[in-house]
Structure formats: C-alpha cells, structure tokens
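Novice: The residues making up each chain are set out below.
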Amino acid sequence: MSRWRYFGLRLLLTIPILFLAMTLVFMITRMGPLDPVTAILGPEASGGASEDIRQRLGLDLPLWRQYIDFMVGLLTFDLGQAWVAAQRGTPVTALIAERAPRTIWLGLWAIMLPIFIGVPLGFYAGLRSNTFGDWIASFLGIVWQAMPNFWLGIMLLAVLRQTRPGNQFDFLPDWYELGPTTESLLGTPDLSFIAIDWFLLVPIPTMFDFFGFLTALKQITPAALVLGSALMVSEMRIGRTAVLEQVNANYVETAKAKGLKGRTIVWKHIFRNASIPLVPVLMSEISILIGGSVIIEVVFGINGIGQLFYQAVLQGDLPVAGSLAFVFAVITLFFNVLQDLLYTLIDPRVGFEQ
Amino acid sequence: MSIQNTQTGTEETTTIQQKVLENKRPAAIWAVGMLVLVGLEFGRITGWVVTAGGVAALIFDLFVSLPAIIGSNVGGVFGFAGDFVATGVRLVTTVAVALLLLAIPAGTVRRLLPVSPAKELRPEMPVNIRLLVDRAIVTLGLFVAALLIVLTPVGGAVDSIIAAIQSLFDSAASVQTLTSRETIPNQGYESPSGSGWEGTFMGLSPALAWALRVTVIYLYATLLVFWIWKGYTTYRQHYREADWTPLDDSIDRFRGHKWGLFGLAVVFAFLVLAIWAPVMGPTTIEANHYEPYSNEFQYLGDSGDVQSTFHGTANIQSRSNGDSNVGPMSYDDYGRWAPFGTNADGKDLFTFLAFGARTSLVIGLVTIGLSGMFALILALVSSYYKGIIDLVAVMGSDTVQSIPALLLILMLMVTLREFEHPIVGIYDGGILLAFILAFTYWPGLWRSIRGPTLQVSESEWIDAAKSYGQKPSVIMRKHMAPYVLAYMLIYASLILGTIIITTAALSFLGIGIGAPTPEWGRMIESGRGYISTQSWHISTIPGIMIVFVVIGFNALGDAIRDAIDIEADISGESATGGAA
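Note that the protein sequences, when read in sequence, are chains A and B.
With this note's numbering, letter number 244 in the first sequence gets 244, and the count goes up by one each step, no holes.
With this note's numbering, letter number 416 in the second sequence gets 416, and the count goes up by one each step, no holes.
Any given hint could turn out to be false.
[What the hints assert, rightly or not] Part of the chain B face toward chain A, derived, beta carbon under 8 Å:
1) 392
2) 395
3) 402
4) 405
5) 412
6) 415
7) 504
8) 524
None of these hints come from the bench; they were simulated from the model.
Beta carbons are placed, not taken as given, at the ideal position from N, Cα and C, and that holds for glycine.
Sequences and hints are given; from them, build the entire structure.
Specialist: Structure, rendered in structure tokens:
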C-alpha cells in the first residue's frame with residue numbers, strides 16, 4: 001500500500017472514530033446513573049421545576065431522539081448551555097471563547113519546554129552518551145518523570161512562597177519582586193496586553209503592551225514549568241535513545257568512511273532520522289497536555305478550560321462536561337491526523353503493515 | 001510434561017517426580033526450610049487464604065446478582081407487564097448464569113469420568129463435538145445435583161459443614177505469628193517510676209520496638225523471597241530436564257542490571273509495606289483512623305499516674321496543622337510514636353500511608369489484570385484473524401484514546417459512582433476506579449503488544465500448527481501468547497506507575513477514592529494548606545513515596561525489557577508518566 005493511500009485510509013477512519021467518541025460521550029452523559037436534573041436542582045427538586053428543566057434540556061424526549069439532537073448539536077457546534085449556578089444559561093461556546101485563551105497561553109509555554117529544551121538536551125545526551133553530563137541528565141529525567149504533576153506544583157508553590165525575605169528559601173531571589181511585581185502566585189494571567197482583530201481569518205494585533213506581556217508571562221511561568229517539565233523529560237529520554245540508535249547505525253560508518261565532516265553527519269543525517277520517533281510522541285503529548293491542564297489549572301487557580309471542565313464534572317453539569325470532552329476529542333483527532341501527515345512526509349517507510 | 005514424554009517415548013526421559021525420588025536431599029532441605037518459614041507466619045498466611053476466599057465469594061456474588069439487575073432493567077422497559085416479564089427474565093438468567101458457572105468445573109469433572117457419555121450414545125461423533133457434548137451433559141448433571149442439594153435438607157447440612165470449615169480457618173488466621181503486633185508490641189506508656197517503658201517489647205522505647213518489628217517483617221519477607229528463589233535454583237540445578245533455557249540468560253542479564261535491581265528492591269519494599277500493612281504502623285488503623293472513639297490506650301499523665309483515654313481524644317492534642325505539630329520521628333504528648341508525624345487530624349501518618357500503599361496496590365493489580373487480559377485476548381484474536389476484527393479493534397481503541405485519558409476517567413468516575421451497586425462501595429470507589437482505569441488503559445496496552453503479536457502470527461510455526469489442524473484457540477494460547485507475555489510484563493510494570501499517579505491525582509482532585517479509605521493523593525491534598533508551615537511533612541512524605549514507587553516500577557520495567565533482550569522499539573518511557 002502506498003503511503004498516501006495509507007494516509008487517506010487513516011483520514012477516512014477518523015470520521016467513524018469521531019462518531020464513536022461522540023456516542024461514548026452521549027452514553028456517559030445521558031445514559032449514566034447521574035441525572036442532570038438532580039445535579040442542577042439538588043435531590044429534593046419539586047415536580048414543576050424539574051419538569052421544566054427536563055423539557056428545556058430535551059430529556060423528556062425518547063432516547064433515540066435525544067441522541068440525534070445531541071449529535072446534530074455537537075456537529076453544528078451548538079454546544080448547549082451551562083447549568084452550573086454561577087453561569088446558568090451561558091452558552092458553552094461563549095464560556096470556551098472566554099476561557100480558551102488562558103489555557104492556550106498555558107499550553108503554549110508548556111510545549112516550549114519539550115521542544116526547545118527537552119529535544120536538544122536529549123540529542124546532546126545521546127551524542128555524548130555515558131559521560132557525566134549524560135548520566136546527570138538521565139538520572140534527573142527518571143526522577144522528574146516519576147513526580148506527579150500536582151505534587152510538583154504544590155511543592156513549587158511552597159518554595160516560591162518562601163522566597164520572601166525572612167523565610168526558608170530567601171537565599172533565592174524574591175519571586176514576588178522578580179520582574180513585574182505580583183500579588184499572588186495563584187490566579188489567572190491577565191491577557192489584555194494584546195488586542196487582536198480578525199481580518200479574514202488572519203489575526204492582526206492592534207495593540208501590544210510589553211509590560212503586560214511580561215506580567216502575564218510571569219504569572220503563567222510556574223504552571224507552565226510544571227506542565228511542560230514531564231513532557232520535556234520524556235522528550236529528552238526518547239531523543240537520547242533515538243540519537244544513540246542512529247549514532248551506531250551502519251550508514252554513519254559509511255558516511256564517515258566517505259569522509260563527510262562530523263558536523264554534516266550529525267546535522268544532516270543523525271538528527272533528521274532521530275526526529276522521526278519524536279513526532280508521534282509530541283503529538284500524543286497534546287492529549288496529555290489537555291488532561292494535565294485540568295490538574296495544573298486547579299492547583300494554580302487558573303480560570304481556563306481545564307478548570308471549567310473540572311467544575312462542570314464536580315457539580316454534575318454534564319452538558320458542559322460532555323461538550324468540552326467533544327471539543328477535546330476533535331482536537332486530539334486533528335492532531336492524530338496531523339501526526340499521520342507528518343509521518344507520511346518524513347518517514348517513507350511507514351505503511352499499514354507495520 | 002509427563003504426557004508429552006509418554007507420547008513421544010523415543011527418548012529416555014524422566015518426570016520431575018521420578019527425579020525427586022532419585023535425588024531426595026536438595027528437595028527435602030528446601031521443603032523443610034519452606035515449612036519452617038510458612039509455620040512462622042501460619043496465622044497470617046491462613047488469613048490471606050481467607051481473604052482470597054472472600055474475594056472469590058464476592059466475584060461469585062457479583063455473577064449471581066446479575067440476573068436480578070438484568071431482570072429489573074428489562075422489566076423497566078416493558079412498563080405495565082414489567083413485573084411479570086421481570087420475574088421470567090430473572091428466572092431464565094438465573095438458570096443461565098448457574099449453568100455457565102457450573103460449566104467451568106464441569107471440564108475438570110469430565111476428565112475424571114471413566115466413561116464418555118456421548119461416546120456411549122453415538123460412537124461415530126467427531127472428537128471435538130464429543131468433548132463439548134460430554135461437558136454439557138456433565139454441566140446438566142452438576143446442575144441437577146446442585147438443585148437437589150439446595151432444595152432438600154442436604155443443603156442445610158452442607159451449609160453447616162462450610163460454616164464449620166470457615167470458622168476453623170478464621171480461628172487459624174488469628175493465631176499469633178512472628179510478625180504479629182503481639183509478638184513485638186510497641187504501644188506502651190512510660191512507667192511512673194521512670195525506669196523505662198511498660199507494655200512494650202522488653203521495655204524498649206516504642207520507637208525502638210516499632211523499628212524492630214518493621215525490621216523483622218522485612219527480614220522475614222526477604223528470607224521468604226530468597227527461599228523461593230532458592231527453590232527455583234534447586235529445581236534448575238537438580239531436577240530440570242533441560243540444562244539450559246533462554247530464561248536462564250534473561251535472569252543472568254537481570255542480575256547484572258544494577259538499575260533494575262534497585263527497582264526490584266523498591267518494588268519489594270512497597271509490596272511488603274502493602275501486604276503487611278496491618279502490623280506496619282505503630283498503631284492499628286482501626287484504633288487510630290476508623291474508630292478512634294471506641295479504642296482506649298494508656299499513657300503517663302502529667303500528675304505522674306497512668307491514665308487511659310480514647311485515641312480520638314488524644315488525636316485532637318496531636319494535630320499537625322501549623323500551630324501545633326508532631327513532626328516525623330517524634331512522640332506526641334501521649335507517648336505515642338509517630339515515625340512520619342501526624343496529619344492535620346492528629347492521626348498517625350505512617351499507619352495511614354501503609355494502608356494507602358495497600359489501596360494503590362489493589363487498584364493497580366485489578367486494573368492491570370483486567371486491561372491486560374482484555375488487551376491480550378484482543379491482540380491474539382485480532383492478529384490471528386486480521387481483517388475486519390483488527391479494524392474494529394483499531395477503531396475501538398482510537399475512540400477511547402480520542403478523549404484525553406484523565407478527562408474520560410473524571411467523567412466516568414463522576415457518573416458511575418452514582419450507581420447503587422455494592423461494587424461502588426468497596427474501598428469508597430476504589431474498585432470502581434480500577435474498572436474505569438482498565439477501560440481507559442486497555443487501548444495503550446493493546447497497541448503496545450499489537451506489533452509483536454502480528455509478527456508472531458506471521459511466523460512459520462503458526463503456519464505449521466495451522467496445517468497440522470490445530471484449533472485456533474489452542475494456537476493462540478499455546479503458540480502466540482507466551483511470546484507476547486514478555487511484552488505484557490514490561491508494559492504492566494511501566495503502566496503501574498501511571499496508575500498509581502493517576503489514582504493519587506484523582507483523589508487529590510476529590511473525585512477518586514473517598515474518605516475514609518486511606519489513599520496517598522488525598523493525604524497530599526489534606527496537607528496542602530500547611531506546606532509552608534512547620535507541618536510540611538503531611539504533603540511532602542506521601543509525594544516522595546509516590547516518586548519512589550513509580551521510579552521503582554519504571555526501573556523494573558526497563559530492566560525486564562533489557563533482560564528479555566527484545567528489540568528496543570518499545571519506547572515505554574513515551575509519555576506514560578506525566579499525565580497527572
């Protein structure tokens with residue numbers, strides 16, 4: 001099978017998978033034992049009010065009808081309304097639009113770590129395998145990977161909090177005064193430093209406040225560090241293994257015998273081949289980033305999508321949780337397709353047989 | 001093995017029984033040693049048997065309760081005639097479940113029968129159909145026998161016999177053992193005369209007595225593992241048919257793998273902590289955690305006389321909440337030893353964490369067991385038949401993986417814990433969480449073994465077995481599964497770390513395992529507010545324990561991979577850890 005046909009098949013498969021994922025979400029939210037009405041009104045809901053909500057949610061319809069409405073709603077991005085007390089009646093799309101920038105801001109900085117630190121570090125360790133530096137990097141990587149994100153976040157917060165003069169860690173620079181002054185370690189970064197106008201799908205920044213940018217960056221740094229570090233470490237370990245494998249490959253011998261310069265071998269051949277196994281890892285990390293953002297946003301008090309999902313789940317607001325799960329599924333599947341595309345472009349060997 | 005030998009018959013081969021009879025000494029030495037070791041802990045080991053029996057009974061009850069659940073659900077659909085239909089459905093499903101359950105022992109019973117009923121009836125029947133018919137007949141026979149027992153007075157007699165056996169086991173389980181709390185007691189009070197401690201082991205201080213007991217437990221467990229290993233080497237040296245098997249090389253490689261041995265040691269420490277949890281802590285979990293107001297203890301009062309009070313009352317004075325503090329390696333005001341300090345409620349942290357280890361272990365094992373079994377069967381079937389089954393498996397796993405794991409688990413946990421089913425209550429949602437984790441993690445396991453399984457299914461020996469007329473189920477079980485199991489072992493070890501982290505993270509978020517079941521993540525959450533105070537230990541120590549255990553399982557997985565020496569294309573470290 002040619003690789004483009006393989007890619008086409010994978011692309012085609014995405015459609016039924018999306019449908020199945022939506023069905024799964026439907027089954028969890030509508031057919032599970034958790035009754036949305038009880039979640040909204042509390043267990044001692046009166047008949048009239050609960051009937052009213054039942055009707056407005058469409059829960060009085062037969063199940064097949066609910067299923068069709070649900071699917072059509074999701075596919076047309078009519079994600080329904082929130083039912084949690086604080087945001088009752090707000091469309092879910094509006095909630096997402098309000099909160100998504102914060103989560104994207106977090107994810108953006110988090111993904112920098114694996115790409116710009118993890119991969120180069122791993123390649124470095126792979127080229128200088130079994131040196132002291134490699135040993136230190138590998139050891140730290142193993143320990144770091146075993147640390148739960150939420151615990152790491154708590155610990156980081158505790159250390160940063162104690163950098164105030166007169167506390168345990170005051171030999172470190174005072175975090176509150178470092179750069180732009182911050183009042184609290186927790187909280188949502190203020191993203192109003194940039195204003196964007198949309199011109200035919202092209203975003204055009206109309207205003208940019210550098211100090212505001214720095215403040216927002218500082219606010220997000222601890223959270224992004226924790227969220228990105230686990231990915232950074234796994235990128236590093238895989239990058240190291242990949243380079244090690246290439247360094248010992250026969251074609252490197254050949255290239256050396258041919259008289260190629262070491263730099264050319266490393267940059268043109270080793271790194272290029274070593275980056276192939278990194279592609280699927282980076283892509284699968286998108287899913288981990290989304291999952292991790294829930295915990296990180298809760299620990300660091302950031303009012304993003306992850307926090308929204310957590311609150312929705314906790315309060316039994318299943319319409320919101322289900323819609324968000326659908327959005328995340330779409331994002332994951334999009335990156336899956338992107339991964340296949342990249343794979344098809346980079347690695348000519350991939351085929352369905354493998 | 002013996003059957004094969006008699007079948008081939010060309011070589012001069014001996015069975016292991018014959019070999020042992022020829023050379024009794026090494027086997028006898030080992031058996032005596034094992035008897036002594038088991039004898040030292042007889043009560044505890046009987047206790048494990050009783051627990052295993054309880055778990056089996058629970059699973060059995062689960063199957064038995066199926067008809068009632070199905071009946072009521074089906075009845076709901078039918079509306080007005082619901083009751084009538086429900087009764088009918090319940091009856092039918094009860095009989096079906098009973099027959100299915102009886103079909104399992106029927107296989108063994110059939111083999112013991114001197115004659116084959118089907119062969120008597122119709123001698124020309126093909127062998128494989130005859131075996132099925134025989135089994136069906138035996139099952140029916142067992143069913144009738146069971147009905148007779150239940151419906152006649154014999155049932156009462158059987159019940160009383162079972163009850164007698166049970167009480168026998170229970171009393172055996174309460175026998176004091178080497179590692180019992182009673183053997184090396186560590187709870188006591190300072191004697192009013194000032195000459196040491198009353199009630200502790202040989203008058204040692206509670207700290208020393210506790211340390212001694214923990215040391216004895218670990219020594220005993222080490223000795224037990226060593227003796228089992230010794231049994232294997234004895235077998236290998238004296239009684240094994242082959243001089244060399246590939247496993248020997250793997251074991252040698254593992255023994256030279258320092259990192260892996262470190263991992264093994266950590267995993268061993270974790271397992272012993274979890275298994276011996278009831279005697280690990282300086283106090284019992286019942287007295288300290290579950291029922292602090294129905295258990296008293298004695299202490300030396302300020303006025304110099306021995307007083308007694310409830311654990312709960314004393315706990316209030318021993319809180320670690322920033323203002324007051326009982327730190328690690330210290331006594332509280334009542335002379336109670338707290339190796340890891342106390343938590344914000346004044347309860348002993350070590351006792352809690354030991355039982356938390358047990359919770360993590362149970363969840364990990366259930367998850368790995370369920371998802372591993374499902375992934376293995378699916379991988380075997382999908383790679384044997386390929387085509388549409390493989391496609392369906394791909395789609396199924398992609399669907400589950402399309403929703404980020406943590407979000408899926410959160411959603412499932414919140415909805416499913418509303419079910420009014422006894423399973424939800426076990427470990428305050430722990431077993432339910434294990435089921436959900438199994439559902440979420442099977443695609444990863446399946447994916448990781450799909451490649452190797454496909455590879456095996458293409459090999460010549462599978463072709464040979466097919467042309468020989470071997471049944472597909474036998475080919476999968478005997479010729480494919482053993483090869484894939486090695487991969488499973490690696491992944492099981494690597495994914496256990498992820499499971500432990502995820503469980504802790506969910507409990508931290510308040511959606512995993514609820515109170516009062518001890519769980520590490522919940523303790524981290526409860527100590528979160530005091531982390532910048534002197535009571536920093538509440539959140540820190542459980543976190544460090546998680547880090548160690550996860551490192552241990554990861555190292556073990558890496559070492560097994562290196563030892564089995566399979567192609568290094570398993571990037572097991574790929575993004576397993578960081579999810580939570």
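Novice: If a hint holds in the structure, say so; if it does not, say that too.
Specialist: Status of each hint after checking the structure:
1. Annotation: residue 392 of chain B was flagged as interfacial toward chain A, and the flag is violated, the nearest CB pair being 10 Å apart, outside 8 Å.
2. Hint on residue 395 of chain B holds. Least Cβ distance to chain A is approximately 6 Å, under the 8 Å limit.
3. Hint on residue 402 of chain B holds. Least Cβ distance to chain A is approximately 5 Å, under the 8 Å limit.
4. At its closest, the beta carbon of residue 405 of chain B sits 6 Å from a beta carbon of chain A; the interface hint therefore holds under the 8 Å criterion.
5. At its closest, the beta carbon of residue 412 of chain B sits 6 Å from a beta carbon of chain A; the interface hint therefore holds under the 8 Å criterion.
6. Interface hint at residue 415 of chain B: satisfied, since its Cβ lies 4 Å from the closest Cβ of chain A, which is below the 8 Å cut-off.
7. Interface restraint check for residue 504 of chain B: the shortest CB-CB distance to chain A comes to about 6 Å, inside 8 Å, so the restraint holds.
8. Satisfaction of the interface hint for residue 524 of chain B is found here, the shortest Cβ-Cβ separation to chain A being roughly 6 Å, below the 8 Å cut-off.
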